[in-house]
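Chain order of the listed sequences is A and B. The opening residue of the first sequence carries number 1 in UniProt numbering; numbering runs sequentially from there. The opening residue of the second sequence carries number 1 in UniProt numbering; numbering runs sequentially from there.
Fair warning: there could be bad hints in the mix.
[As the list claims (entries may be wrong)] In silico DSBU-like cross-links for lysine-lysine, where the CA-CA straight-line distance does not exceed 30 Å: (1) K41/A - K121/A; (2) K121/B - K175/A; (3) K41/B - K175/A.
[Claimed, not checked] Partner residues are not named here, just some residues of chain A that face chain B (Cβ under 8 Å, in silico): (4) E72; (5) A75; (6) A79; (7) L94; (8) L119; (9) T152; (10) G185.
Hint data in this document are derived by calculation from the structure and do not stem from the laboratory. Note that CB positions come from ideal geometry on N, CA and C, so glycine has one too.
There are 2 protein chains.
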Amino acid sequence: MSRWEPNTVERLQDAAMTLFHERGYSDVTVADIAGRAGLTKRTFFNHFADKREVLFAGSNALEEQVERYILESEAELPAIDIAISALTSAGQTLSNYSEVARLRQDVIASSPELHERSLIKMASLSQVIAAALVARDRHSTEATLVADSAVTVFGTAYAEWVDSPASAFPDLMNKVLTDLKTAIGAASPAARLQQRE
Amino acid sequence: MSRWEPNTVERLQDAAMTLFHERGYSDVTVADIAGRAGLTKRTFFNHFADKREVLFAGSNALEEQVERYILESEAELPAIDIAISALTSAGQTLSNYSEVARLRQDVIASSPELHERSLIKMASLSQVIAAALVARDRHSTEATLVADSAVTVFGTAYAEWVDSPASAFPDLMNKVLTDLKTAIGAASPAARLQQRE
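Could you put together the complete structure from these sequences and hints?
Spelled out as structure tokens, the structure:
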């Protein structure tokens, strides 16, 4: 293929983030990003399908890591524990990127099309988790419900970590999982009885 | 505005569904849909922003109904009960559309861009629920977790209802909520013990 270019992906990401921050996401072109990184548009498109993808470069690696973790996990653990551990483990590499994380979240929040792409990435992550749990002999309904819940916990914990990057990500995951259990399971006996009638 | 055209939205939806089923989603144009319904492209665009939206015509009404239900609900009920009741109530009108529902699900499953639009609609529904719960004095983290969980339950129950439309939608919602509580460990110890056997 093309000649060797060290850290191409990282250079493109850095250039994109700087430009998005300077000019706003919608006013930056792929040519601008490539130019700032000292690379060509062709090189950009060797690595990313479009301008949006440069903000989601890590998502495939994250999915692969989570999938591998689940496929190698202890089969007899509850599915929710497996899924949360997998996302916690994958998420711990985030701590290397705390400075970029807030900038990235700000850019995503500034653009409906980036917000949509972010939703799609999370849904894709959930599907990967559900499929891996099914491969570990979980029923598909349980796998789907666990996967969606684990991704909800991950998204909430990630947002909290971006706000306070000094917090340990595993602690945030545990806290949000407990919050979730409380939120959907802590109905008073009277209210639950009433609901069943 | 334009002259009165009875059931315009329904005619466009019926025409779209028939054509998508006959030719496949990607081979049908807005002009085809309008033509089949005996209407103009301009009329189509008076009602829908693009070809995808014709499949999601009810989503704004659903959001409004769910929002109103939550804002008018008894303040002291647990948030999860309020959210599930709101979606159950709104979802009950679905039973009038069981024939269309399967066709629609098949069309959505056939196209990545429709699948993405569907995800975005569900995320939007979750945001509406979370905002309405915050307006009812719930903390934003609880509101987000409850909203995401309730929409997960709704999506799963809806898929089960499409597969077996003879089932009562409220029963499916209750069943899936119980499944979710069991799956993430918010159910009673007895239920979890049973699940492991």
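G185/A was flagged as interface toward chain B. Is the shortest Cβ-Cβ separation under 8 Å?
3 Å, holds
K41/B and K175/A were given as a pair; does the straight-line alpha-carbon distance stay at or below 30 Å?
52 Å, violated
Between the alpha carbons of K121/B and K175/A, is the straight-line distance 30 Å or under?
Roughly 28 Å between the alpha carbons, so the hint for K121/B and K175/A holds.
With chain B as the partner, please determine if E72/A meets the hint condition of a C-beta pair closer than 8 Å.
Result: violated, 21 Å to nearest chain B Cβ.
Holds or violated: A75/A as interface residue toward chain B, Cβ cutoff 8 Å?
Nearest chain B Cβ about 12 Å off; hint violated.
Hinted pair K41/A and K121/A, Cα distance within 30 Å
Holds. K41/A to K121/A sits at ~24 Å (cutoff 30 Å).
Regarding the hint that L94/A lies at the interface with chain B, is the smallest CB-CB distance below 8 Å?
Violated - the Cβ of L94/A stays beyond 8 Å from chain B, reaching only about 19 Å at its closest.
Min Cβ distance, L119/A to chain B: is it shorter than 8 Å?
5 Å, holds
So, as I understand it, the hint says A79/A touches chain B; can you test that by seeing if any CB pair is closer than 8 Å?
With a closest approach of 7 Å, the A79/A hint holds.
Is the shortest C-beta separation between T152/A and chain B less than 8 Å?
Holds, about 4 Å.
Of the hints listed earlier, those the structure fails to meet are numbers 3, 4, 5 and 7, in rising order.
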